[in-house]
Amino acid sequence: MSKLSIDPGSSVTNLTGSWRTQTPVMKNKWPPCGQTCPASEDIQAWLALASESQWQAAWRKLTARNPLPAVMGRVCYHPCESACNRKHLDSAVNIHAMEYFLGEMALANGWQHQKLNDNENNATGGKKIAVVGAGPAGLSCAYQLALRGYAVTIFDAAEEAGGTLWSGIPEYRLPKNILKQEIEAILKLGVTLVLNCTIGDIHGNAPHPHKRISTESLITDYDAIFLGIGALKPRLFQNSQYTDQHVLTGMDFLRRVNQGEELSLPKRVAVIGGGNTAIDVARCLRRLDCDVTVVCAQDPHGAHLAHPGAEIPASELEVTQAQREGVEIIYRTAVSRLVYSGKHLNGVETCRVDKIHDRHGNFNPVLFEGTETFIAANLVIFAIGQEVDWCGLERLIDSGLSKVFIGGDAAGNPRFAATAIGSGFENAMSIIDYLSGQKPYFDTHKKAEVTYKNLNLSYYAQSHRQTENAGEKENSGFVDTISLNESTACKEALRCLSCGVCFYCDNCWHFCPDAAIIKQADNYTIDYDFCKGCGICAQECPCGYIDMHTVLHE
Amino acid sequence: MDRRDRFRHNILTSGHSACSGCGEAMASRMVTDLIGPDAIYIGATGCLQVFSSHNQRSAWQAPWMHSVFSNAAAVAAGVEASLQARGKKIPVVVQAGDGGTFDIGLQCLSGMIERGHNVLFVCYDNEAYMNTGVQRSGSTPHAVRTSTSPPGRVSEGKHHVKKDLISIIAAHHMPYAATATVAYFPDLKAKVEKALSIDGPKFLQILSPCPLGWNHDAALSVQVSRLAVETGLFPLVELEHGEVSRVMRLSTQKPVEDYLKLQGRFLHLFNDKQGKTQIRHIQALADTRIRRYGLLDADTNWTSASASIVQRGGRGTYLPVVPAGMSDHNAKAQG
Chain A
1 MSKLSIDPGS SVTNLTGSWR TQTPVMKNKW PPCGQTCPAS EDIQAWLALA SESQWQAAWR
61 KLTARNPLPA VMGRVCYHPC ESACNRKHLD SAVNIHAMEY FLGEMALANG WQHQKLNDNE
121 NNATGGKKIA VVGAGPAGLS CAYQLALRGY AVTIFDAAEE AGGTLWSGIP EYRLPKNILK
181 QEIEAILKLG VTLVLNCTIG DIHGNAPHPH KRISTESLIT DYDAIFLGIG ALKPRLFQNS
241 QYTDQHVLTG MDFLRRVNQG EELSLPKRVA VIGGGNTAID VARCLRRLDC DVTVVCAQDP
301 HGAHLAHPGA EIPASELEVT QAQREGVEII YRTAVSRLVY SGKHLNGVET CRVDKIHDRH
361 GNFNPVLFEG TETFIAANLV IFAIGQEVDW CGLERLIDSG LSKVFIGGDA AGNPRFAATA
421 IGSGFENAMS IIDYLSGQKP YFDTHKKAEV TYKNLNLSYY AQSHRQTENA GEKENSGFVD
481 TISLNESTAC KEALRCLSCG VCFYCDNCWH FCPDAAIIKQ ADNYTIDYDF CKGCGICAQE
541 CPCGYIDMHT VLHE
Chain B
1001 MDRRDRFRHN ILTSGHSACS GCGEAMASRM VTDLIGPDAI YIGATGCLQV FSSHNQRSAW
1061 QAPWMHSVFS NAAAVAAGVE ASLQARGKKI PVVVQAGDGG TFDIGLQCLS GMIERGHNVL
1121 FVCYDNEAYM NTGVQRSGST PHAVRTSTSP PGRVSEGKHH VKKDLISIIA AHHMPYAATA
1181 TVAYFPDLKA KVEKALSIDG PKFLQILSPC PLGWNHDAAL SVQVSRLAVE TGLFPLVELE
1241 HGEVSRVMRL STQKPVEDYL KLQGRFLHLF NDKQGKTQIR HIQALADTRI RRYGLLDADT
1301 NWTSASASIV QRGGRGTYLP VVPAGMSDHN AKAQG
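First to last, the sequence lines map onto chains A and B. Per the numbering used here: the first sequence = residues 1 to 554. Per the numbering used here: the second sequence = residues 1001 to 1335.
What the hints contain is simulated information worked out from the structure, not anything from laboratory work. A couple of the hints might just be wrong.
Okay, derived cross-link-like pairs now, SDA-like style, lysine to any residue, Cα gap no bigger than 25 Å in a straight line [to be verified]:
#, chain 1, residue 1, chain 2, residue 2
1, B, Lys1189, A, Asn456
2, A, Lys27, B, Ser1070
3, A, Lys87, B, Ser1306
4, B, Lys1189, A, Tyr459
5, B, Lys1189, A, Phe503
6, B, Lys1254, A, Lys27
7, B, Lys1254, A, Leu89
8, A, Lys453, B, Gly1313
9, A, Lys453, B, Arg1315
10, B, Lys1189, A, Lys453
11, A, Lys491, B, Ser1306
12, B, Lys1254, A, Phe503
13, A, Lys491, B, Ala1305
14, B, Lys1189, A, Asn523
15, B, Lys1261, A, Asn456
16, B, Lys1261, B, Gln1283
Isolated chain A, as found in the complex (with noise of 0.2 Å):
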């Protein structure tokens, strides 16, 4: 080297992040699909993985929160699709046919759950727990706690296990071999089920063969007991003699139907109620070559923007598969009385409905008085909502006792099957937490906004969502759903827009103007040292994984 050259030193010595005045942070957060979600599945991470083809990894990561896949994907109302965001860009993505699909590759190739912790000399200390109600919260609770190595048992009263799953929703919404096959996989981690069998005190006229076991029993036998009993004593209309000629309630028609049972029915039948299990009965009736009314206090749906409680409360797209099944429904009307004639009735008197909801907010219609129109029927259903029933279980929830647990329908929640999953699930953590003194480790995630408005969309193709139409099928007058296949199923799962979870696409580390932006093996880095704070990263970011913050250092 000459005299006269400089030996240069490297930049690197010269430290520009101190030219900062806000700063990237990188985050993953919980997307909306998640938050919104009763049993808070991670959505995005089982699409991520299907969109990779890893069938049986996405399954795990769903069955993580969810033992019924190929059951919900068939009966949940999937709020996780209107709140994804990809509905801004073209269409949310089908969340709801992924989940079917990848519950029926499960059973298609009898993928078994897995406990957790290997080692049989685990934390439990053979603490048993019962769990009371076969129901999706019962099975829920009872597969968390089994899959950590506890010893469970289910009591249920029916004589098959699945609750409103078996009882409530007819067989062509969920055909009854796939419950089967779904609790079977739950039980043969070593979960015992107790069918016919009935908890409490007192009670009268239980089918025979029944057993029945005291709280008494229930208490001393087992070290913590999860209640989840339903919400199964339907409401019943003002004054009516509920008959099996006249009157029926919805979730004894229901049930009756589901267990094969003939029934006579007359042609002509008006169904009371606007919520899922009138929608169900309506449909059902259908099948049964019956006419269908529906009378329903509410509007339609999008008739209210801003107040959603004044629309129908069953899903959207149940109420348009059953009018083009052919049933009628009559909004904004509610019955003022049966009309018979003799002992047999002819039809329901009804009226147009002023206010719906009173001043505290309760479902209370207010009728027009002059507005009585007839509806024929020779059978009315009443589905107007169902409540708790406590009889025989008083000293359980009387008493105070803390290994008492109560979840699903019967703790109040919404009356949604993926809400009695997440409550099972919430409820196993707590049992843990109480028979261990420790808190249980799962995947928790903060709540965090990932709106539209955090995505870039200039990153992503526009693609329509696989089976708009193959979604379902006409079938003789009547709507079935259908399943995707894995070239379908891989591409919508690919529409994923992964917000606010990073996966990888290199954008700011491409981007990234003064080297700042380190890539590892499996994420990204932001060396301080260096970072002007320019916001390009956060910016291009397509999923909103980067957020800027005013905060000047670390």
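With chain A fixed as given, assemble chain B onto it according to the hints.
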């Protein structure tokens, strides 16, 4: 040497003193990391040279030399000739700004091309003399505010239109000349790789937004360059031996206002009636470029939408820093 990143060489590494959000630093980092450390880089005077090599500290981690404003192409020609005399085949790359290409360095560039030197000339086009204080250059578009073309009662910014340099270059019967921008990395990568595969002179014009001179938010550099393409104001084209061989089709044409309103250098156009006329003029310029290159109806699947799509595992990588087999992520991404 700075080897913080296993997956790219960082030939232009941290600690350089470019402004926050510099489009030229971003573009140069992409181009040089695609070419790799086994090349000789010649930097004409300009922003890139100033911010990467001052106070006796160099941000370059590859052989790099500084030429004066006008003669970068001539220096490169000399380097290439001496390499050839020694029988070495090493890429020679000139990096210059638009001042060193469109105006001051054009004569030497023309001569280098005419003599057929095997040199890649990369022009980072930020549309004015930014490093000396935003003076107008031959590349500055019509109606832009610069310090030497201030808008006022008698002027609406720069009166003249942007020099059509790519056509001048192509008229040399040039083996390969292309335009690119930072917003479309897969496109830029394909063009750099194509250029490197060609023996002879080749030219890349890369639109590099300048937050300081264009007066936009530092975070919007990529967004602005994307809009320059999507409005049709900066067509992405490839020319081989003077003929247009490939263009990037626009999936949709956006109005020029989308591009103009993000930038302070066009702000005066939104204030008065005269400005509205100028916006219509700029729209007409965009429409003309779109028609000329057939940007809306070109027979190609390569569109502004398909070049944007991100995917899990990235949109292409640089030359590996570690030998093959050791970079497990690359292997995973490819497998």
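Here is what the structure says about each hint:
Straight-line distance between C-alpha atoms of Lys1189 (chain B) and Asn456 (chain A) comes to about 22 Å, which keeps the hinted pair within the 25 Å bound. Distance check on the hinted pair: Lys27 (chain A) and Ser1070 (chain B) sit about 47 Å apart at the alpha-carbon level, beyond 25 Å; violated. Distance check on the hinted pair: Lys87 (chain A) and Ser1306 (chain B) sit about 20 Å apart at the alpha-carbon level, within 25 Å; holds. The suggested pairing of Lys1189 (chain B) with Tyr459 (chain A) holds, with an alpha-carbon distance near 17 Å, which does not exceed 25 Å.
For the hint pairing Lys1189 (chain B) with Phe503 (chain A), the CA-to-CA distance comes to about 21 Å; that is within 25 Å, so the pair holds. A distance of roughly 33 Å separates the Cα atoms of Lys1254 (chain B) and Lys27 (chain A); the hinted pair therefore is violated under the 25 Å criterion. For the hint pairing Lys1254 (chain B) with Leu89 (chain A), the CA-to-CA distance comes to about 17 Å; that is within 25 Å, so the pair holds. Between Lys453 (chain A) and Gly1313 (chain B), the direct Cα distance comes to roughly 23 Å. Compliance with the 25 Å bound is thereby established for this hinted pair.
A hinted pair counts as satisfied when its Cα atoms are at most 25 Å apart, and Lys453 (chain A) with Arg1315 (chain B) qualifies at roughly 23 Å. Simply put, Lys1189 (chain B) and Lys453 (chain A) have alpha-carbon atoms about 29 Å apart, too far for the 25 Å limit, and the pair is violated. Annotation: proposed proximity of Lys491 (chain A) to Ser1306 (chain B) holds, straight-line Cα distance about 16 Å (limit 25 Å). Proposed proximity of Lys1254 (chain B) and Phe503 (chain A) is contradicted: the alpha carbons are some 29 Å apart, above 25 Å.
Taking the CA atoms of Lys491 (chain A) and Ala1305 (chain B), the gap is near 18 Å; set against the 25 Å cutoff, the hint holds. With a C-alpha separation of about 22 Å, the suggested pair Lys1189 (chain B) and Asn523 (chain A) falls inside the 25 Å cut-off, and the hint holds. For a cut-off of 25 Å, the pair hint linking Lys1261 (chain B) to Asn456 (chain A) stands: about 19 Å separates their Cα positions. For the hint pairing Lys1261 (chain B) with Gln1283 (chain B), the CA-to-CA distance comes to about 13 Å; that is within 25 Å, so the pair holds.
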